[in-house]
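As given, the protein sequences belong to chains A, B, C, D, E, F, G and H, one line each in that order.
In terms of the numbering used here, the first sequence has 11 at position 11, counting the first letter as 1, and numbering is strictly consecutive.
The numbering used here runs 66 ahead of the 1-based position in the second sequence.
The numbering used here runs 132 ahead of the 1-based position in the third sequence.
The numbering used here runs 198 ahead of the 1-based position in the fourth sequence.
The numbering used here runs 264 ahead of the 1-based position in the fifth sequence.
The numbering used here runs 538 ahead of the 1-based position in the sixth sequence.
The numbering used here runs 812 ahead of the 1-based position in the seventh sequence.
The numbering used here runs 1086 ahead of the 1-based position in the eighth sequence.
Simulated coverage check for chain G against chain E, where a stretch passes if three residues somewhere in it have a Cβ under 8 Å from a Cβ of chain E:
id : segment
1  : 929-940
2  : 956-970
3  : 985-991
Distance condition first, Cα-Cα at most 27 Å in a straight line; then the derived BS3-like pairs of lysine-lysine:
id : chain 1 : residue 1 : chain 2 : residue 2
4  : G       : Lys924    : H       : Lys1334
5  : E       : Lys376    : F       : Lys786
6  : G       : Lys924    : E       : Lys449
7  : A       : Lys30     : G       : Lys947
Source of the hints: derived by calculation from the structure; they are not laboratory data.
None of these values were measured; they are calculated from a predicted model.
C-beta: ideal position from N, C-alpha, C; glycine also.
Given next are the chains, with one letter for each unit.
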Amino acid sequence: MTISVNSKEQTLEPESTVQSLLQQLGFAEKRVAVEVNQELVVKSQWNDVRLKPGDKVEIVSFVGGG
Amino acid sequence: MTISVNSKEQTLEPESTVQSLLQQLGFAEKRVAVEVNQELVVKSQWNDVRLKPGDKVEIVSFVGGG
Amino acid sequence: MTISVNSKEQTLEPESTVQSLLQQLGFAEKRVAVEVNQELVVKSQWNDVRLKPGDKVEIVSFVGGG
Amino acid sequence: MTISVNSKEQTLEPESTVQSLLQQLGFAEKRVAVEVNQELVVKSQWNDVRLKPGDKVEIVSFVGGG
Amino acid sequence: MSELFNTVKSFKLGSYTLRSRLLVGTGKYPSLEIMRQALDASGCQVVTVAVRRVEMGQKNAEGILDYIDPKKYIILPNTAGCFTAADAIRSARLAREGLGVDWVKLEVLADKKTLLPDPLGTLEATQVLVKDGFKVLCYTNDDPIMARRLEDAGVTSVMPAGSPIGSGQGVLNPNNIRIILETIKVPVIVDAGVGTASDVCIAMELGAEGVLLNTGIAHAKDPVAMARAMGQACDAGYYAARSGRIPKKLYATASSPWEGLIESVKRPETIPGE
Amino acid sequence: MSELFNTVKSFKLGSYTLRSRLLVGTGKYPSLEIMRQALDASGCQVVTVAVRRVEMGQKNAEGILDYIDPKKYIILPNTAGCFTAADAIRSARLAREGLGVDWVKLEVLADKKTLLPDPLGTLEATQVLVKDGFKVLCYTNDDPIMARRLEDAGVTSVMPAGSPIGSGQGVLNPNNIRIILETIKVPVIVDAGVGTASDVCIAMELGAEGVLLNTGIAHAKDPVAMARAMGQACDAGYYAARSGRIPKKLYATASSPWEGLIESVKRPETIPGE
Amino acid sequence: MSELFNTVKSFKLGSYTLRSRLLVGTGKYPSLEIMRQALDASGCQVVTVAVRRVEMGQKNAEGILDYIDPKKYIILPNTAGCFTAADAIRSARLAREGLGVDWVKLEVLADKKTLLPDPLGTLEATQVLVKDGFKVLCYTNDDPIMARRLEDAGVTSVMPAGSPIGSGQGVLNPNNIRIILETIKVPVIVDAGVGTASDVCIAMELGAEGVLLNTGIAHAKDPVAMARAMGQACDAGYYAARSGRIPKKLYATASSPWEGLIESVKRPETIPGE
Amino acid sequence: MSELFNTVKSFKLGSYTLRSRLLVGTGKYPSLEIMRQALDASGCQVVTVAVRRVEMGQKNAEGILDYIDPKKYIILPNTAGCFTAADAIRSARLAREGLGVDWVKLEVLADKKTLLPDPLGTLEATQVLVKDGFKVLCYTNDDPIMARRLEDAGVTSVMPAGSPIGSGQGVLNPNNIRIILETIKVPVIVDAGVGTASDVCIAMELGAEGVLLNTGIAHAKDPVAMARAMGQACDAGYYAARSGRIPKKLYATASSPWEGLIESVKRPETIPGE
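Looking at chain A on its own, in the form it has when it is part of the complex (with noise of 0.2 Å):
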């Protein structure tokens, strides 16, 4: 199925988890944040929720501000 990551197409296979994503990206070790349509979704919820075609996924990280 297709959805978006920080605004770019990503494909996954359906039932995919955030956990899964994350896998896939390799992002699932880094100090990342994860929201799901504009909703954040806490890590300890990574391996329950599950993705839907088309759903919106934001994964963010940190960098130098003031």
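Guided by the hints, dock chains B, C, D, E, F, G and H onto chain A, whose structure is given.
Coordinates of chains B, C, D, E, F, G and H only, in the frame set by chain A:
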């Protein structure tokens, strides 16, 4: 009947209009503006608007200000 | 004979006076002031003061200044 | 004989030296500097310089200053 | 010949076309007569008044208005003393009815101690009054963003405080006034904080369309002479702002020419800087 | 009625009694015609000129003087361009002879780069010129002690620089000007550094008797309009200095009364500051 | 012996007790290594970071965090780049989840040109985030009234801008900062506008609890040395603010005694001032 | 790695090589013990003392010197209290003899009221003392021309007053200090007028080699803590002056990146400035 004018008690004839109140107080010919119960009463209606017991009337004029 | 006027060489008749120098240069009627060898020569003496070869003459007027 | 020390009268033996004056006043061992009649007398000469009646002596030390 | 020097420098404010860029308040003068003279000396065309209850039993309720010649001055009512949008809106409507004018100097203050404006109440009252047909001249702080919000809300003029009302500190933050002037299209009138003539002059030189003041004149030892000073300073600042001032330098350019100097007696070996 | 407002504000400078407190230089204007208009717009009565060699062969040597109406202006020659007391003294004497005036604006500069005055040369020239009968208006730095030495030497006016000539920085050290005004009895005229109208206004508000400037007008984009601004700012500062300005406060005093406010809709529980 | 001099000057900010009153941003350094050295040189304990999307395919997403030793520094996420309350709230929640901290430096900007804060959006976001359990350190303009509204809304710290972000103008309106400090009880931290060490020192002398800066260090030619300067200036200002500075006078009191002077050679007839 | 940050920042003054750029006076402390602690807290290496007559009959004439550890501090005698060149010269010679040092802080004051230096007496005394082998650290006004004359006369350091002695007004005319620093080669040390830490920081940021002060510490409510503040501010200013500060702008540059922002909920139609 008794009403309040600028937070002071004022007794006047039942059925009095705003106009008659102003005449009684001597402001009918002055450059003043009037509120009854926090609603503006324009001059053209001074003769029509009748006061009820307990009405709160504000009569204002102008002073120096910056 | 030769003198210097405002640092430029100037030849004129021997025995010339300041007055004759100014006439020759066309400044006699102008609002100017004159020094000979760094000494002021007031207008009333222009006819009396005779110039000698090598004299250094300054003729000044006025310009815009703050 | 009588001299002036820091504008105060001071009597001492005739022929006294600067050194003996300082001893008499108790400043011989202190970090002080001496003028006689507004001329500096360096320490190495305290024994040689003899005071005369009426001499004006300044004895200075150091205080807090900015 | 100087264009500017000949141009009549009138400008549009609300429904009026004005020559004078100084707006003067009528509060706190030693006497109404001195106020009258001061207004005259200032050359102002717009004067502000406040709305207050009539004194019961006191027959001559107009007082101040008798001292303001309607042929010479346009009256601008204010909402001074209001700490809520609701009170300011009521005061504005009473003033419009009483004076028959369509404009108001909107003030919604946050507290009596600093007399600083309440940004939220000010914006709220502005939205209501503009919808109600008022031309709102809006007293505000010097924040360029609030100024923009007020312009978006339809004010007729943004009136940032140079410094707190009556503080006499002049324009404390010229940087903010500059940013406001860069971003706002309606007339910007510096209101409040003016202590002396140079404060007015500086506000105008920054590019303000005008200056509104009261205490600086009314509480001066000689209000009439200070009023004259304020009026002249306003004109001076207006012209200076438009005359292209010289840039600032660490130092220095001669105003007299270097050519044609008399020969120096003993020319100093070297003139530093040559 | 305001005493001050009615008083004719003339003052004595050298042999002259003047109304205008602005003295204007004649150097560096785009044209002599613009200079003439600017002098007129400024309202000044005293204009400065510099002494320079005539151009050989050029018959019309007066030039500038043709543009200065002797019925309207008093000419004050300067010694600009002199870097030694000796040259300044010679220039002063040539000027006196050429113009038939008894005063001079003394300038003895230290270098061409900063155009700052040379205190020692200035004092030396002052002593000679005063003995020689000149009324010396003396350009100097803003050091109160040098100002006092010059007064002791007999100058007619002390003219401290607000900032370097032509720098346009206004009065950089008001503290020094204040101390000078406290200690000097002869007229103090702020000379040099004025960049725009508010600089003049501030100098006058400090209590200066007058202001002398040139570049600020001559090099403005519109010299005539700037001249008008400078003249008005000088008047404004004069009146403001004498009108008893209000003190500066952190905040704030209301200009409208607190009494007689309409009853608040929902009076805020507590008005801060009450 | 000086009490103050011995007191450990730690203070409470949110959940933390801090020694250093300088908070430093991590943006725009020439390199991460120079950033690391600058943070160390500044002596700061709190550093800010921004929330941004991971770079797809770029495996090492943490980058900056690897250069911030968690044993030495507490990380304060900001909401920089947000122009609406909604985006700021989302960024704050993402940051809390990603970093496991309970505080945020809230920024809701009005536009990209001035980077000035949007007062309305800032207040709206504050109300939501405080209800959501955040400790909000709130970037705002220097308006004392907005500062009070934010305190009423429950912010942990009010962070007024000294001048616009990155403008390097220091504290443009000390008067407003003073009023804020008079009326606000939560820690006031001056945020933005710092250009050099004296700006930090002045902000602290006004009585601020701390200073937050970034560009002033990151864009200096030598960020590490400037970081050290900023840290020392912060300490200096802290002590100066609490040491009871001498009052300002026109002039002057001697620091050396008048007694015990040697007798003057030729005492000047009169010593002025005696 | 920052060169500057590692460089030991010692400099040469007279015969000495110094680390600390703060010179501190010893007058007017609440007690000698507090003075001792303040000198220690300031980190200074050079302390000034004044020459005065011994108290007749009072055996312990040294007093102050007992509280100045010769292993930690270099003593710099001054000529404070002298109003003539002659007295200053005598005081300098007495000091040299009494302390065995070859330098002196020369002060020739004009009057007791302003404590401003007398330019003429100062120059006269300088010429004599330099010929006599003294290293003269010369207190003067902030006139760049007098500074140059003193350098020509051979002073070891030019010490311009930031503002009058003890006035606490800091550097009133940075422009003059800048011009002095541009033209003078010997070390320039700002002397007098410092009121608080930021004044020291600003003087150093202007590029001064050092700062000398006394009253600002001695008369602070907590002299020891203020001494520490002054010392840190001096260091801070030293580093800031050499770190290449960011330029000042009307506004603004972001310290967080614009890239990688999360997608906005409801992107505002137009972001102003974009």
